[in-house]
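**Student:** Sequence:
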Amino acid sequence: MEHVSSATTATTTSSTTVAELEAETSKEVMEFIMKLEKKCPPKEEYKSFFEKLKATMVASAKVTQEKKKGFFSTAAGKISDAVSFIGSKFTGKSPEVKKSMETYQQEVAKSLQELEAIHKKIIEANQGKVEGSVAVTAEQKTEIKQTITRWETVTTQFVETAIQTEAASNTTVGVDKVKLP
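Last residue of the sequence shown: number 181 in our numbering, and the count goes up by one each step with no gaps.
Since the hints were derived computationally from the structure, they do not count as laboratory data.
Watch out, some of these pointers could steer you wrong.
[Claimed, not checked] 30 Å max Cα-Cα, derived DSS-like pairs, lysine-lysine: (1) K89 - K120; (2) K47 - K98; (3) K120 - K78.
[Claimed, not checked] Distance ranges between label pairs, derived from CB positions: (4) K110 - S88: 19 to 27 Å; (5) S94 - Q146: 31 to 39 Å; (6) Q157 - A117: 38 to 46 Å; (7) Q127 - K99: 18 to 26 Å; (8) A55 - E20: 21 to 29 Å; (9) K35 - S84: 17 to 25 Å; (10) E20 - E96: 25 to 33 Å; (11) K120 - Q157: 22 to 30 Å; (12) K43 - S15: 43 to 51 Å; (13) T74 - P95: 25 to 33 Å.
A quick note: this is a predicted structure, and the numbers were derived from the prediction, not measured.
Note that beta-carbon positions come from the ideal geometry of N, C-alpha and C, so glycine has one too.
Could you build the full structure based on these sequences and the hints that come with them?
**Tutor:** Below you can see the structure in the form of structure tokens.
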């Protein structure tokens, strides 16, 4: 499964408001989530994982700037729960698989923390401005796009590992799994 970042396809403009950037990135990330979901087996754990990701994206579009402060922490928790749920399906697997799942989970959380830090800088730089007029610098926009790209890459790797691990365990037939007539 090859990862194509949605964040790198966006056009750059000289002056962007937070609202415009959030609308743009939310749309791109939602498209990424939906494309990735189509590559997964139609199993309950994947459905649950993607429902949580989509719900987080929909919620992010509805959060006001003053409430956004705690949103990233809440989103990180929800996404971490979704990742943990998928990862828990592989707890009996090899230590390497378990370690890579934990690493992916940490990287996803790290990306969300980075987005929260960027958001905090933007808000601090624009204190006193009306919500719709809060501007994002070109540097901040690039930072956000790069962080989203890293998040998408890690999420893709996590899902690929889950699918490959599941496929490998389904093809391995032990003596205890053989049914005699």
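**Student:** So, for every hint listed, does it hold in this structure?
**Tutor:** Evaluated hints:
1. K89 - K120: Cα-Cα ~35 Å, so violated.
2. K47 - K98: 21 Å, holds
3. K120 - K78: 20 Å, holds
4. K110 - S88: 19 to 27 Å: Once the Cβ atoms are compared, 20 Å apart, the range 19 to 27 Å for S88 and K110 holds.
5. S94 - Q146: 31 to 39 Å: Holds - the Cβ-Cβ distance for S94 and Q146, about 32 Å, lies within 31 to 39 Å.
6. Q157 - A117: 38 to 46 Å: 23 Å, violated
7. Q127 - K99: 18 to 26 Å: 43 Å, violated
8. A55 - E20: 21 to 29 Å: Check passed, 23 Å falls within 21 to 29 Å.
9. K35 - S84: 17 to 25 Å: 23 Å, holds
10. E20 - E96: 25 to 33 Å: Cβ of E20 to Cβ of E96: about 43 Å, so the range 25 to 33 Å is violated.
11. K120 - Q157: 22 to 30 Å: 27 Å, holds
12. K43 - S15: 43 to 51 Å: 45 Å, holds
13. T74 - P95: 25 to 33 Å: Cβ of T74 to Cβ of P95: about 32 Å, so the range 25 to 33 Å holds.
Against the hints set out earlier in the document, violations occur for numbers 1, 6, 7 and 10.
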